[in-house]
Amino acid sequence: MKNPADKKKKQKRKMGKDIIFLVFTLLVLVILLSIFPQKQRIVIITMRKFFIEMISILPAITVLIGLFSVFVPKEMVVKYLSKTAGIKAILLGIVIGALPTGPLYVAFPIASALLKKGARISCIIAFLSAWACIKIPQEMVELQFLGLKFMAARLTLTIIFVVIMGIFIEQLIEWSEKNRQIEGGKDDKDI
Amino acid sequence: MSDTAILINIFALGCLIFAFLKDRAKTKQALIIAVKSFFNILPTVIIIIILIGLLLGFVPQQQISRVVGEQAGFLGILAVAFLGSILHIPSLISFPLAAALLKSGASTTSVAVFITTLTMIGMVTLPLEIKELGRKMALLRNGISFVIAILIGLIIGIIL
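Protein chains in written order, with the numbering used here: chain A, 1 to 191; chain B, 1 to 160.
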């Protein structure tokens with residue numbers, strides 16, 4: 001079970017670390033720019049441009065993060081994914097993996113629960129990969145900075161390869177498990 | 001504001017209105033989370049913007065393109081893939097960094113490889129993944145993702 005007080009403390013400590021880093025980079029910036037004043041113009045223009053690009057979408061992105069984290073509870077993920085099979089399971093894994101928010105390590109316990117509930121391995125792999133790299137708020141940032149063409153190409157390719165990887169890993173693990181049963185565990189080769 | 005930014009804001013606003021009509025209490029909770037995560041990520045965003053400014057201001061373009069550009073070849077791509085696997089930075093800020101690298105001479109391939117390895121592979125979180133999913137599955141997923149990331153990058157380099 002989660003301990004909210006503990007989580008808060010951790011968050012605060014992370015925030016403190018971030019601010020120390022920020023002060024440090026600011027210092028480096030000020031020192032470098034005072035040593036090389038001829039670089040001031042380009043550095044400041046670049047920073048201003050990227051800052052405007054970022055700040056014009058950041059509130060929208062965090063609103064999306066907030067909405068997804070409240071409206072897509074983790075229990076829902078497990079409920080939907082533990083019951084489907086076949087290629088449908090893989091595609092559903094991708095769609096559902098793309099919805100909730102949070103870093104990848106949040107998804108491992110969910111994937112583990114899915115595994116125990118008997119979900120397909122291909123579905124779990126698809127779910128984890130989608131969680132890692134097809135988050136909707138995250139994709140908005142990719143759209144903003146790298147453009148529609150890049151985003152669409154990368155997403156399409158990722159989905160194709162993730163489906164193949166899911167099926168491949170599932171076959172491999174099932175095959176090696178079968179082998180192990182036949183050989184009675186005497187030759188325990190891990191791939 | 002760029003067209004894309006306006007579109008993203010309209011999309012978020014649409015989601016917000018839809019959520020508000022569906023469940024007011026939950027939407028309020030979501031907005032509290034939104035404000036919190038905004039201020040949580042803000043220092044990191046400013047750090048990455050400073051780094052981008054320094055990168056574009058101080059590192060010559062030929063240098064960047066020699067390391068991660070067209071001339072870097074396959075070895076350069078491999079290096080980028082390793083870097084992406086080891087680094088543990090939020091994907092949200094990896095995109096502006098990628099855009100900056102792209103602008104200063106990095107190839108589309110290395111940028112795509114960087115983003116894909118960064119998001120899909122986690123060396124830092126690998127022990128946890130092994131604990132939760134078993135050694136075989138965790139190593140296979142990370143290992144194959146590494147190969148996939150390079151393939152995706154190479155294909156993107158060809159088609160874009």
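One or more of the hints may lead you astray.
[Unchecked claim] Lysine-lysine pairs mimicking BS3-like chemistry, simulated, CA-CA at most 25 Å apart:
#1 B:Lys103 / A:Lys39
#2 B:Lys36 / A:Lys10
#3 A:Lys116 / A:Lys74
#4 A:Lys12 / B:Lys22
#5 A:Lys149 / B:Lys103
#6 A:Lys10 / B:Lys103
#7 A:Lys74 / A:Lys8
#8 B:Lys26 / A:Lys74
#9 A:Lys14 / B:Lys36
#10 A:Lys88 / A:Lys49
#11 A:Lys14 / B:Lys22
#12 B:Lys22 / A:Lys8
#13 B:Lys28 / A:Lys74
#14 A:Lys74 / B:Lys103
#15 B:Lys36 / A:Lys83
#16 B:Lys28 / A:Lys8
#17 A:Lys74 / B:Lys22
#18 A:Lys178 / B:Lys131
#19 A:Lys117 / B:Lys36
#20 A:Lys9 / B:Lys136
#21 B:Lys103 / A:Lys83
#22 B:Lys131 / A:Lys79
#23 B:Lys136 / A:Lys12
#24 A:Lys49 / B:Lys131
#25 A:Lys17 / B:Lys36
#26 B:Lys136 / A:Lys8
#27 A:Lys117 / B:Lys22
#28 A:Lys116 / B:Lys136
#29 B:Lys136 / A:Lys10
#30 B:Lys103 / A:Lys9
#31 B:Lys131 / A:Lys74
#32 B:Lys136 / A:Lys178
#33 A:Lys116 / B:Lys36
#34 B:Lys103 / A:Lys79
#35 B:Lys26 / A:Lys79
Worth flagging that the hints you see were computed from the coordinates, not collected in a lab.
Lysine 36 of chain B and lysine 10 of chain A were given as a pair; does the straight-line alpha-carbon distance stay at or below 25 Å? Answer holds: lysine 36 of chain B to lysine 10 of chain A is near 14 Å, not above 25 Å.
Compare the distance between the alpha carbons of lysine 9 of chain A and lysine 136 of chain B with 25 Å, and conclude whether the hinted pair is satisfied. violated (34 Å)
Run the distance test for lysine 117 of chain A versus lysine 22 of chain B: straight-line Cα separation, threshold 25 Å. violated (31 Å)
Measure nothing beyond the straight line between the CA atoms of lysine 36 of chain B and lysine 83 of chain A; if it is 25 Å or shorter, mark the hint as holding. violated (35 Å)
Going straight from one Cα to the other, do lysine 14 of chain A and lysine 36 of chain B come out at no more than 25 Å? holds (13 Å)
For the pair supplied as a hint, lysine 26 of chain B and lysine 74 of chain A, is the alpha-carbon distance within the 25 Å limit? OK: lysine 26 of chain B and lysine 74 of chain A at ~15 Å, within 25 Å.
Quickly compare the C-alpha distance for lysine 22 of chain B and lysine 8 of chain A to 25 Å and report which way the hint goes. At roughly 29 Å apart (the allowed maximum being 25 Å), lysine 8 of chain A and lysine 22 of chain B break the hint.
Restraint status (C-alpha distance of lysine 136 of chain B to lysine 8 of chain A at most 25 Å): Violated, because 34 Å separates the two Cα atoms, which is more than 25 Å.
Pairwise hint evaluation, lysine 74 of chain A against lysine 116 of chain A, where the allowed Cα distance is 25 Å at most: Within the cut-off at roughly 15 Å; holds.
For lysine 131 of chain B and lysine 74 of chain A, compute the direct alpha-carbon distance and say whether it is at most 25 Å. holds (20 Å)
Does lysine 74 of chain A pair with lysine 8 of chain A here, judged by a C-alpha cut-off of 25 Å? Answer holds: lysine 74 of chain A to lysine 8 of chain A is near 20 Å, not above 25 Å.
Run the distance test for lysine 103 of chain B versus lysine 83 of chain A: straight-line Cα separation, threshold 25 Å. At roughly 46 Å apart (the allowed maximum being 25 Å), lysine 83 of chain A and lysine 103 of chain B break the hint.
Consistency note: the structure conflicts with the earlier hints numbered 4, 6, 10, 11, 12, 14, 15, 19, 20, 21, 23, 24, 26, 27, 29, 30, 33 and 34.
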